[in-house]
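Novice: So the sequence lines, in the order shown, correspond to chains L and W. Using my numbering, the first residue of the first sequence is number 8, and each one after it goes up by one. Using my numbering, the first residue of the second sequence is number 8, and each one after it goes up by one.
Careful: at least some of the hints might be erroneous.
To be verified - Calculated cross-link-like contacts (lysine-lysine; reagent style DSSO-like; alpha-carbon spacing at most 27 Å):
1) L:Lys86 with L:Lys149
2) W:Lys132 with L:Lys57
3) L:Lys174 with L:Lys147
4) L:Lys128 with W:Lys152
5) L:Lys132 with W:Lys132
6) L:Lys147 with L:Lys12
7) L:Lys132 with L:Lys86
8) L:Lys128 with L:Lys86
9) W:Lys86 with W:Lys132
10) L:Lys152 with L:Lys132
11) W:Lys128 with W:Lys86
12) L:Lys147 with L:Lys128
13) W:Lys128 with L:Lys132
14) L:Lys12 with W:Lys57
Read the hints as simulated data drawn from the structure, not as lab findings.
The residues making up each chain are set out below.
Number of protein chains: 2
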Amino acid sequence: MNADKIPDIIIGRLPVYLRALQRLAVTGVLTTSSQELGEMIGISAAQIRKDISQFGEFGKQGTGYSIPFLVERLRNILKVDRVWDVAIIGVGDIGHALARYNGFSNRGFQVSMVFDNDANKVGQKVGEFEIFSTAILLEKIKQHKIKVAILTVPASAAQEIADQLVKAGVKAILNYAPVSINVPDSVHVQYIDPVTHLQRMTYYL
Amino acid sequence: MNADKIPDIIIGRLPVYLRALQRLAVTGVLTTSSQELGEMIGISAAQIRKDISQFGEFGKQGTGYSIPFLVERLRNILKVDRVWDVAIIGVGDIGHALARYNGFSNRGFQVSMVFDNDANKVGQKVGEFEIFSTAILLEKIKQHKIKVAILTVPASAAQEIADQLVKAGVKAILNYAPVSINVPDSVHVQYIDPVTHLQRMTYYL
Numbered sequence: 008m009n010a011d012k013i014p015d016i017i018i019g020r021l022p023v024y025l026r027a028l029q030r031l032a033v034t035g036v037l038t039t040s041s042q043e044l045g046e047m048i049g050i051s052a053a054q055i056r057k058d059i060s061q062f063g064e065f066g067k068q069g070t071g072y073s074i075p076f077l078v079e080r081l082r083n084i085l086k087v088d089r090v091w092d093v094a095i096i097g098v099g100d101i102g103h104a105l106a107r108y109n110g111f112s113n114r115g116f117q118v119s120m121v122f123d124n125d126a127n128k129v130g131q132k133v134g135e136f137e138i139f140s141t142a143i144l145l146e147k148i149k150q151h152k153i154k155v156a157i158l159t160v161p162a163s164a165a166q167e168i169a170d171q172l173v174k175a176g177v178k179a180i181l182n183y184a185p186v187s188i189n190v191p192d193s194v195h196v197q198y199i200d201p202v203t204h205l206q207r208m209t210y211y212l
Numbered sequence: 008m009n010a011d012k013i014p015d016i017i018i019g020r021l022p023v024y025l026r027a028l029q030r031l032a033v034t035g036v037l038t039t040s041s042q043e044l045g046e047m048i049g050i051s052a053a054q055i056r057k058d059i060s061q062f063g064e065f066g067k068q069g070t071g072y073s074i075p076f077l078v079e080r081l082r083n084i085l086k087v088d089r090v091w092d093v094a095i096i097g098v099g100d101i102g103h104a105l106a107r108y109n110g111f112s113n114r115g116f117q118v119s120m121v122f123d124n125d126a127n128k129v130g131q132k133v134g135e136f137e138i139f140s141t142a143i144l145l146e147k148i149k150q151h152k153i154k155v156a157i158l159t160v161p162a163s164a165a166q167e168i169a170d171q172l173v174k175a176g177v178k179a180i181l182n183y184a185p186v187s188i189n190v191p192d193s194v195h196v197q198y199i200d201p202v203t204h205l206q207r208m209t210y211y212l
């Protein structure tokens, strides 16, 4: 196994496999097959087998996959067998929703800090977090060695905040601002923009 | 040009091109190059040229792309030169944020109906919308011929609501519930789950 050689498109499917396996696990099921998994997530069994085999031998013909074992391995591969602290920048509607979102736990992440540049919001609470000023973003994030950030600022502010996050040592940015941001190659960015997802579907309608 | 033959991965990049071009357009710029576009969005100029050339001749060597022309063509290709009514199902934090989101306008979509199954929410307002009961979802969506829905319900309710949406004639579902849903091949689904996006990045850290 050479992690560097595994295409990003395969890496992108692993969290979907993990999510489905964890849903099966909570029902108490101990084994599954690529067929069953495929039906759950709408990916072909052959594709699933091929993707998973990139990381070693996980299942035997006829007996299927051990769910606890595969969950453990996927969590390890995706590095979510630990808990990453996450900073949220921007407490508009979406930032607010994410700061209160209870879906991070058990999946490798916890919100640990929330920032906004609005003086009326700074010092207020969102969920259990005090909102910090973006003026102290660089210092705070550096100090707490936070590597993961969620950007929920307006498009016009996204690049400037991204630059600060990079300076502070952040290595992974989930960007909800509807604009592309430029970061060094060593920093990873994923985008969530509902409209691009919707447009990708209307093409087919 | 044969639309059926264009790989989905290319279609997925078109909304990103369109978004960048529209951002350039509002600044008053009239032409751009694949280089400039590529720097904005972090995709290689060669890839952009190749993708766009699938749909015809848009630029000339040396003169670049006409932004208004390319915007118009991409809007047409993605079928967002019209406005799609969107139903939101589930008025938790995320549904609430989306119902008030002002980023849909000019990009081909408008929220037109909002549903929840919570009797305490039904009849209340979110933004400008009265929250309808999911009990009348099928009837309302059918009646208004809504083809696009955003699913922001808990994972446990996602499949049941998806089934109703399909029955009501919805053809595109943007699913924020952290679970895969099964729909007929004629219905398109896109997923937004912040955790899968985060996990896709931590792999590389």
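Novice: With the threshold set at 27 Å, check whether the alpha-carbon distance from lysine 132 of chain L to lysine 132 of chain W stays at or below it.
Specialist: OK: lysine 132 of chain L and lysine 132 of chain W at ~24 Å, within 27 Å.
Novice: Are the Cα atoms of lysine 132 of chain L and lysine 86 of chain L separated by 27 Å or less?
Specialist: Distance of about 30 Å is beyond 27 Å: violated.
Novice: Taking only the CA atoms, is the gap from lysine 128 of chain W to lysine 132 of chain L under or equal to 27 Å?
Specialist: With a Cα-Cα distance of about 24 Å, the restraint between lysine 128 of chain W and lysine 132 of chain L holds, given a limit of 27 Å.
Novice: Holds or violated: lysine 147 of chain L and lysine 128 of chain L, Cα atoms, limit 27 Å.
Specialist: holds, 17 Å
Novice: For lysine 174 of chain L and lysine 147 of chain L, compute the direct alpha-carbon distance and say whether it is at most 27 Å.
Specialist: It holds: about 12 Å lies between the C-alpha atoms, which stays within 27 Å.
Novice: Are the Cα positions of lysine 132 of chain W and lysine 57 of chain L separated by 27 Å at most?
Specialist: violated, 48 Å
Novice: With the threshold set at 27 Å, check whether the alpha-carbon distance from lysine 128 of chain W to lysine 86 of chain W stays at or below it.
Specialist: violated, 34 Å
Novice: Would the pair lysine 128 of chain L and lysine 86 of chain L pass a check requiring their Cα atoms to be no farther apart than 27 Å?
Specialist: Violated - the C-alpha atoms of lysine 86 of chain L and lysine 128 of chain L are around 34 Å apart, more than 27 Å.
Novice: Please verify whether lysine 12 of chain L and lysine 57 of chain W have alpha carbons no more than 27 Å apart.
Specialist: Status holds; Cα separation ~25 Å.
Novice: Starting from lysine 152 of chain L, check that the Cα of lysine 132 of chain L is at most 27 Å away, please.
Specialist: holds, 22 Å
Novice: For the pair supplied as a hint, lysine 147 of chain L and lysine 12 of chain L, is the alpha-carbon distance within the 27 Å limit?
Specialist: violated, 35 Å
Novice: For lysine 86 of chain W and lysine 132 of chain W, compute the direct alpha-carbon distance and say whether it is at most 27 Å.
Specialist: violated, 30 Å
Violated hints, in rising order: 2, 4, 6, 7, 8, 9 and 11; the structure is consistent with all others.
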